[in-house]
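Student: Sequence:
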Amino acid sequence: MSQEFILKLARDTLQITLMISGPMLLVSLVVGIVISITQVVTSIQDMTLSFVPRVIAVFVTFLLAFSWAMKILLAFTAQLYGHLERFAR
Numbered sequence: 546m547s548q549e550f551i552l553k554l555a556r557d558t559l560q561i562t563l564m565i566s567g568p569m570l571l572v573s574l575v576v577g578i579v580i581s582i583t584q585v586v587t588s589i590q591d592m593t594l595s596f597v598p599r600v601i602a603v604f605v606t607f608l609l610a611f612s613w614a615m616k617i618l619l620a621f622t623a624q625l626y627g628h629l630e631r632f633a634r
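Quick note on my numbering: the sequence shown kicks off at 546 and runs consecutively.
Hint data in this document are derived by calculation from the structure and do not stem from the laboratory.
Glycine included, C-beta positions come from ideal geometry on N, C-alpha and C.
You may find that some hints are simply not true.
Derived DEER-like restraints, expressed as beta-carbon distance ranges [as the list claims (entries may be wrong)]:
1. I561 / F604: 19 to 27 Å
2. T558 / S612: 20 to 28 Å
3. V585 / S547: 52 to 60 Å
4. L619 / M546: 33 to 41 Å
5. E549 / V585: 49 to 57 Å
6. F632 / V597: 39 to 47 Å
7. I589 / W613: 21 to 29 Å
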């Protein structure tokens, strides 16, 4: 296994990890900012008010992006199995 192959594998792994987690992190960020602005405007400082909507939004995003994420992960797994003989050396 060459150094270039290991670097490509690490780069692809990080890229796919960011692609899969990106939508959920982005939604969590947006919902968190909106809830924080709402809390500042209304002077309501309840911890569950910022936590529960964020969890629900991330879960809904996960459900919506699940089939897309599985396609990407299955393609990457198939690519890894295709190069399995390189890992055995």
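Student: Each hint needs a verdict: does it hold in this structure or not?
Tutor: Each hint tested on the structure:
no. : hint                    : result
1   : I561 / F604: 19 to 27 Å : holds (21 Å)
2   : T558 / S612: 20 to 28 Å : holds (21 Å)
3   : V585 / S547: 52 to 60 Å : holds (54 Å)
4   : L619 / M546: 33 to 41 Å : violated (23 Å)
5   : E549 / V585: 49 to 57 Å : holds (51 Å)
6   : F632 / V597: 39 to 47 Å : holds (43 Å)
7   : I589 / W613: 21 to 29 Å : violated (36 Å)
This entry does not satisfy hints 4, 7, going by the numbered hints stated previously.
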